[in-house]
Structure formats: C-alpha cells, structure tokens
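A.B. asks: When you get a sec, could you build the whole thing from the sequences and use the hints?
Protein chains: 2
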Amino acid sequence: MATIKDIAKLAGVSVTTVSRALNGYSDVNADTRKRIEQIAKEIEYSPNALARSLVMKHTKTIGLLVSGLSRDGAKDNIVFDVLTGINEYCGSMGYDLVLFNTTTSKQKEKTYAQLCRERRVDGVIVQGIKKDDPYLIEIFDSNIPCVLIDVPVENEHTGYVSTDNVDGSMKAIRHLAELGHSNIAMINGHDQAYVSKERRKGFELGMVEEGLDIHPEWIVNGEFTELKAEEAAYQLLKNNPEITAIFCASDLMALGVMRAAFDLGKKIPGDLSIVGYDDITLASYVTPALTTIAQDTFRMGYEAADLLLKILHQTDEKRVQLIDNELKVRKTTTRCN
Amino acid sequence: MATIKDIAKLAGVSVTTVSRALNGYSDVNADTRKRIEQIAKEIEYSPNALARSLVMKHTKTIGLLVSGLSRDGAKDNIVFDVLTGINEYCGSMGYDLVLFNTTTSKQKEKTYAQLCRERRVDGVIVQGIKKDDPYLIEIFDSNIPCVLIDVPVENEHTGYVSTDNVDGSMKAIRHLAELGHSNIAMINGHDQAYVSKERRKGFELGMVEEGLDIHPEWIVNGEFTELKAEEAAYQLLKNNPEITAIFCASDLMALGVMRAAFDLGKKIPGDLSIVGYDDITLASYVTPALTTIAQDTFRMGYEAADLLLKILHQTDEKRVQLIDNELKVRKTTTRCN
DNA sequence: TTGTAAGCGTTATCAC
DNA sequence: GTGATAACGCTTACAA
Numbered sequence: 001m002a003t004i005k006d007i008a009k010l011a012g013v014s015v016t017t018v019s020r021a022l023n024g025y026s027d028v029n030a031d032t033r034k035r036i037e038q039i040a041k042e043i044e045y046s047p048n049a050l051a052r053s054l055v056m057k058h059t060k061t062i063g064l065l066v067s068g069l070s071r072d073g074a075k076d077n078i079v080f081d082v083l084t085g086i087n088e089y090c091g092s093m094g095y096d097l098v099l100f101n102t103t104t105s106k107q108k109e110k111t112y113a114q115l116c117r118e119r120r121v122d123g124v125i126v127q128g129i130k131k132d133d134p135y136l137i138e139i140f141d142s143n144i145p146c147v148l149i150d151v152p153v154e155n156e157h158t159g160y161v162s163t164d165n166v167d168g169s170m171k172a173i174r175h176l177a178e179l180g181h182s183n184i185a186m187i188n189g190h191d192q193a194y195v196s197k198e199r200r201k202g203f204e205l206g207m208v209e210e211g212l213d214i215h216p217e218w219i220v221n222g223e224f225t226e227l228k229a230e231e232a233a234y235q236l237l238k239n240n241p242e243i244t245a246i247f248c249a250s251d252l253m254a255l256g257v258m259r260a261a262f263d264l265g266k267k268i269p270g271d272l273s274i275v276g277y278d279d280i281t282l283a284s285y286v287t288p289a290l291t292t293i294a295q296d297t298f299r300m301g302y303e304a305a306d307l308l309l310k311i312l313h314q315t316d317e318k319r320v321q322l323i324d325n326e327l328k329v330r331k332t333t334t335r336c337n
Numbered sequence: 001m002a003t004i005k006d007i008a009k010l011a012g013v014s015v016t017t018v019s020r021a022l023n024g025y026s027d028v029n030a031d032t033r034k035r036i037e038q039i040a041k042e043i044e045y046s047p048n049a050l051a052r053s054l055v056m057k058h059t060k061t062i063g064l065l066v067s068g069l070s071r072d073g074a075k076d077n078i079v080f081d082v083l084t085g086i087n088e089y090c091g092s093m094g095y096d097l098v099l100f101n102t103t104t105s106k107q108k109e110k111t112y113a114q115l116c117r118e119r120r121v122d123g124v125i126v127q128g129i130k131k132d133d134p135y136l137i138e139i140f141d142s143n144i145p146c147v148l149i150d151v152p153v154e155n156e157h158t159g160y161v162s163t164d165n166v167d168g169s170m171k172a173i174r175h176l177a178e179l180g181h182s183n184i185a186m187i188n189g190h191d192q193a194y195v196s197k198e199r200r201k202g203f204e205l206g207m208v209e210e211g212l213d214i215h216p217e218w219i220v221n222g223e224f225t226e227l228k229a230e231e232a233a234y235q236l237l238k239n240n241p242e243i244t245a246i247f248c249a250s251d252l253m254a255l256g257v258m259r260a261a262f263d264l265g266k267k268i269p270g271d272l273s274i275v276g277y278d279d280i281t282l283a284s285y286v287t288p289a290l291t292t293i294a295q296d297t298f299r300m301g302y303e304a305a306d307l308l309l310k311i312l313h314q315t316d317e318k319r320v321q322l323i324d325n326e327l328k329v330r331k332t333t334t335r336c337n
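Heads up: the protein sequence lines correspond to chains A and P, in order.
Mapping to this note's numbering: the first sequence position 48 is 48, numbers consecutive.
Mapping to this note's numbering: the second sequence position 133 is 133, numbers consecutive.
Some clues are possibly wrong.
Remember, identical chains collapse to one label, so a pair may be satisfied in a single copy or spanning two.
Listed next, the in silico BS3-like pairs over lysine-lysine satisfying Cα-Cα at most 25 Å (straight line) [as the list claims (entries may be wrong)]:
#1 K34 / K57
#2 K328 / K201
#3 K5 / K110
#4 K5 / K310
Honestly, the hints are just simulated from the structure, not real lab data.
Everything numeric in this text was worked out from a predicted model, so none of it was measured.
C.D. replies: Below you can see the structure in the form of structure tokens.
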C-alpha cells in the first residue's frame, strides 16, 4: 500500500512536503502541490489513519456502547433509531462510529475504560445501561468524554440526553383523567431503569394533580417486555376488574397488556383504555392503534452526538439536552363509561 | 496515558520484555511476568491498539457499509437484524465494527476503497447496495476482503450471503395456487435490486409450474416502499377487479397493498389474498396478520460475518452462503371463491 | 518554500 | 530470559 514516502520519492521531495501538500497547508509551492496530488492519485494513495491518529492523539471515531443490540431489540426500534440519529450527525461531522461489543463473553472481561482506551475513541455514547451496571461508575470516574442516553450523569466530561419522563407520564394521566377514568393502573419497567423511576413519579404526580386515588398494588413491573407485561396485566385485571385504564411505561408492554385484555374478554378501548410510551413503529400499525407518549428517538441520538462533540471540543458548557415528548391520541383510549 | 515504556521503567526491564510478558509469550521468567502484570494493573495500562495495528498490519475491526441506516429503515427491521447478527459473531471473535457513513455529503466524495483503506479495516460487509452503485465494481476490483448481503459477487476476496429468492417466491405462488387462486399479480421492488429480479423469476416460474397465466401488466414496481406499493396496487386493483391475489416482494409493500385494498372496499383475505416477503416484525402484529416468506435476517448477518472471517483467514474456499427461507401462513391468504 | 530529524506506542529481529 | 534497535506511516518543531 502506498505511503507518503513513496510519493516523496516519486515527486523528488521530502515526506514533510508531501504531508503538508496533502493536508492543504499554505506554505507549499503550487506546482509541487499539484505534482504531489497528481502522483497521489496515480498510485492510489490513501492516508493511514492509524499512523496519523498515533501522532495526532485523536482518531475521529466515537465509540458506541449499546445494550439492546440483540435479537429482540428489533421489536421496539428505539435502539435502531437512536443509532441512526447518532450516525447521521457523526457522519456529517466526519466522525466514524465503532460499535463495542459488550454482550459477548470475549470482551466481557474488559472494563469500559479499557475498551475505549484501547481503540482510542475520542468519545463515547452509551445507551441502554442500567442503574446498577458497574460500567456506570467507571464512566463517571474515567476522563473519557461521554454522553448517555436516558441516564442522568453530569460531569466535566460527561453529559446526557433524555426526555422529560415525569411530564410525559403526566400527559398520559391527564389524558386518561379527561376521559373520565379514575381507576388507573400502571405497568412499569424495572427498578434498574432511570426512566422507570421518572415515569412512576409522573404517574403519581399526575394522579394527585387530578385528585385521583393511587393504589400502590396497581403499580407493577413488566420488565419492559411484552410477555412479562401480559402476565402482570392479566393478574392485575383479573383481580381488580374495576380498573378501567392502564398506563404502560413502554409500547411493547402496552402490546402485552392488549393481549391480556383480549384473553380476559375485555374490549379495547371500550372496557379498558391503554396508553403506552415511546411511539415505536408497531404502535401505529397495531389494531387498535396505540395511544402513546411519543419520543423522538432519532433526535435523541442526533442530539447526543451533537452534545458529545461539543464536550469534546469544549465549545459549550452544556451537559444536558432534553427532547420534547408528545401525546399521540390514537385508538386505545376512550371515555370511561 | 500509560505505555509499555512506563511499565518497563518501573519494572526495570526493557520494553521488549514487557511486550512479551503482556502478550503471553512463554520465554519470559514467571517472576518478571508477574511483576510486570502487577505494575500494568497498578498504573492502569491499556495497550494502544493503533500502535499495535500499525506494526501488525491488521486492526481486528471490520467495516460496515450500510445503505438503509436511515430514519425510515426502522420500519422494516431488516437492517437492524442483520447488524445484530454481524455484531454477535464479530463480538464473539473479538472483532469490533466500524460503521462507515456513506449517506452524508462529507464522506460521499471518498471512494469505497479509500474509506476502508484509511481505517485499515480487515474486511467489509456491505448491505443494501444497488446493482448500479459505482461502489460495486470498486468492491470487485479492490482487494479488500468483503462479503455482500443479497448481491451475488464472487471473487478471490469477496463473497455473499443470500437466500434462495427464486424458490422463496415459488413457495408463495404454490401456496396461492393451492388455495385456488389463478389471477395473481405481483408488486415487485425496483430494477436496481438483485432480489427483485430473482423474486420476479420465482414468480414467473411458479406461475408456469402451476399452469397459470402470467399477465405482464400485472407485475408492477412498488420501489420497496409502503406508499408507492399502495398507489401501484390501488390502480392495479381498480383496473383489474379480477385479481384475487397479490404477491409482494416485501412485507412493507404488502402493508401498502392492504391499505389500497381497504380503500377499495376489498376485504382481506376474503376478496384479496396477500403474501409478503421478509417477515418483518410488523408482519405478525398487523391485522390481519401477514402471510409471508420469512427470511432469517439475523442469521444472514451472522453468517456474513462468519464468511468474511473465513475469507480473511483463508480457512475456507467457500464464497457463498445461502440461508433457508420459509413460508409462514397467517391470515392474509385464504381459499379463492 | 523545503528538508532533517524526532517522536507517537507498539512488535519483531537478532544478538547476548 | 532478556535487551538494543529497527520498523510501521505519519505529523511537526526547527533549521536552512
């Protein structure tokens, strides 16, 4: 593979001149530059990013630490959307992405910092990490620029992007209350998720705001999976037939709840109103179409990348970016009768 | 950041010894090794992959060239599934992935080979490339190990994974014929896709096999999008009410066809049977659930990575990997009346 | 405007 | 078992 040395030899100049010519420095004769560029093209030279990075101390790559990059992450397209957003912004800024593999055993022994340092990524975006993940404190302690999706960690070198999960949940409850519901249950995710905590808070705040009774036993975890949510909802609905509405901390779980309702012979939305969270693709395709709190996950990824590069270049003091969410009323909610 | 030089100084040995100790060579004293490892841990040493790659001539990374990594790629989860499969296998083999950004203007000027050479990836997996993409010949001409998804290119250093699209389509037609359909139309993708050509071939072969008439004007392109397919199907169905079944070259397009049928007041499957292709997540969630030819896209990614590493290490002569597909009968097909 | 030489952090060759 | 030293391909003082 051609190197600048080859070009230098062919052009009869030093490597210094070649380097400067190719990198657009001004202090090089127009003719020599032209000649060098010509030769570079001829011998199909492409710069060795490794060598350059080694001396320049940066790689123009940012690392991605993704938990949901597994087979069933496909159902909710959240991970994908965020990834797309990141990719879009990074691409426009000339950064490449490297996907770190944290799931498999081979890399599992390596710590977060090791992963990043070895590859010398300039920064990292972390998605889908749990509150009790040991990586989390490592992120905080290491001095690697980092932004997290939906986990509030703030620092000189780390920030996060999220949505207002409390407010989002309150929107859901308000909507349900306006429709006359008062016996509202909630299927939450799990205790290791920051968003679960927030959405529960929003649920409770919304309930008191509307003057509704909170039944703690009507708040159960569905582990963010369709199946677990279905099971949980089945029991809940069977034992408490007075429940007329359920707020779910994710659309996928809402789908599970719909299934449970179906099994119990409950009509949606006639007998039971449901509102989900996320607005995944499935939400609008399913019948009846799911009322939900929409998050712009693409934008979350996009803004995460933006924030990270700002931290990297110290061009901004900002460490937090909140994205709007929005109630999308579709067909799973109706007036309480 | 700590280097082997630092360790060497601290341990009172040469860098050579450190390097050998850390890389598990046998010709190093057990005590010195222990001491070195100890120090490495203490000063939080992590090897610089850049430096290592520079001398070793390989990076343990494989590049990803993905066309569908855009916002609407989320609806069909194909890209994501393939990516997941690749990630899984590569992770297990200690390879990291770098996502090349081909969509944005910034990188667009760079050629395929430049992209790969600059980053010094050991190999590449290409997904969603069109038949007339200039990258394609570059892939063939360059000597970078490469495997493509669903594009048949074979070479010393390049291979591909795909499914038997002809046979898959024939399965669809057979199924329809068994149900008594004879007026069968097809919504195909576009002419720049290899799979479109194959699926059309399968459609035609299936029709003659079943002794059915092929109406060339009943085969139209839907560009693999829901909307275009809906429009195409609307006209087709309106002008040719005798059509009782449509075979679609993708599930997404099948969804569009369902919409068109609905607009025309046609019941599915009563008035119109539909079979899709891919078995995306939506297919089984939509009502009525979509009969389709299922492809194991995760496996395609997994096998692509496997194949690539085999090419890389020259451990196998194989350049082609075909994955099975399977007819999944759900609710959009029924007996013709 | 151009060249010399040092240095980035490794591994590899060869000698001791 | 261990250590000099060259090499990988590039950028960057500094000198000319």
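A.B. asks: Look at each hint and say if it fits the structure.
C.D. replies: Status of the hints after comparison with the structure:
1. K34 / K57: The answer is neither: 29 Å in one copy and 30 Å across copies each exceed 25 Å.
2. K328 / K201: Intra 21 Å, inter 43 Å, cutoff 25 Å: intra-copy only.
3. K5 / K110: Between. Shortest inter-copy distance 22 Å satisfies the 25 Å Cα cut-off; intra-copy 37 Å does not.
4. K5 / K310: neither (36 Å within a copy, 33 Å between copies)
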